[in-house]
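With the hints as extra help, turn the sequences into a complete structure.
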Amino acid sequence: MANLKQYTDIIQSLKKDIYSPIYLLHGEEPYYIDKISKYIEEHALQEHERDFNLNVFYGRDLNKDLLLETLRRFPMMSTRQVVIIREAQDYGGRWADLESYFLKPMESTVLVIDMKYKSADAKTK
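For the sequence shown, this note's numbering begins at 48 and goes up steadily by one.
The set of hints was computed from the structure by calculation and includes no laboratory data. Since we're looking at a predicted model, the values are computed, not measured. Hints should not be assumed to be uniformly reliable.
EDC-like mimics (lysine to aspartate or glutamate), calculated; alpha carbons at most 20 angstroms apart, straight line [to be verified]:
no., residue 1, residue 2
1, LYS111, ASP144
2, LYS82, GLU116
3, LYS85, ASP64
Here are the computed distance ranges between Cβ atoms for each label pair [as the list claims (entries may be wrong)]:
no., residue 1, residue 2, range
4, ARG97, ILE69, 15 to 21 angstroms
5, TYR78, GLU116, 30 to 36 angstroms
6, ASN50, ASN110, 31 to 37 angstroms
For every residue, glycine included, the Cβ atom is placed at its ideal position computed from N, Cα and C.
Set out below in C-alpha cells:
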C-alpha cells in the first residue's frame with residue numbers, strides 16, 4: 048500500500064463518503080498509512096458521533112474477543128462506527144482467529160488495520 052496512486056484512489060473514495068468495511072494499510076513506508084488512517088478517523092464520523100462510535104486499539108494490547116465484540120456491534124446514533132487497530136504488527140495473536148469477521152464484515156463498521164514497517168503476507172492474512 049505504498050504508492051501514490053493507491054493512496055490517491057483511496058482518498059478520492061473517502062472524500063465521496065464511500066467507505067470500505069476493511070482497510071489493511073501495510074508496508075515499510077508509514078506516511079501513507081498514517082494519512083489514510085487519520086483521514087478516516089477525522090472524517091468518517093461527525094464530531095458528536097465519535098464518543099460512541101470510534102474505537103482505537105493497539106496491536107500489543109489487542110484482545111481478540113473484545114475486538115470481535117466491538118466489530119460486530121451496531122453504531123449508536125450514527126450510520127457507521129470506526130475501529131482502528133494501530134501498530135497491528137505488534138499483535139501477538141493469530142490473525143486467522145479473526146477470519147470469520149474478515150469473510151463477513153459488518154457493513155456499518157469501518158475497520159482500519161495499520162501495519163507499519165511490515166507487509167502483510169499469507170500468514171498475516
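Hint-by-hint comparison with the structure:
A hinted pair counts as satisfied when its Cα atoms are at most 20 angstroms apart, and LYS111 with ASP144 qualifies at roughly 8 angstroms. Between the alpha carbons of LYS82 and GLU116 the distance comes to roughly 27 angstroms, so the proposed pair goes past 20 angstroms and is violated. A distance of roughly 15 angstroms separates the Cα atoms of LYS85 and ASP64; the hinted pair therefore holds under the 20 angstroms criterion. Taken as a hint, the range 15 to 21 angstroms holds for the pair ARG97 and ILE69, whose Cβ atoms sit roughly 20 angstroms apart.
Between TYR78 and GLU116 the CB atoms are about 32 angstroms apart, so this pair conforms to the stated range of 30 to 36 angstroms. Taken as a hint, the range 31 to 37 angstroms holds for the pair ASN50 and ASN110, whose Cβ atoms sit roughly 33 angstroms apart.
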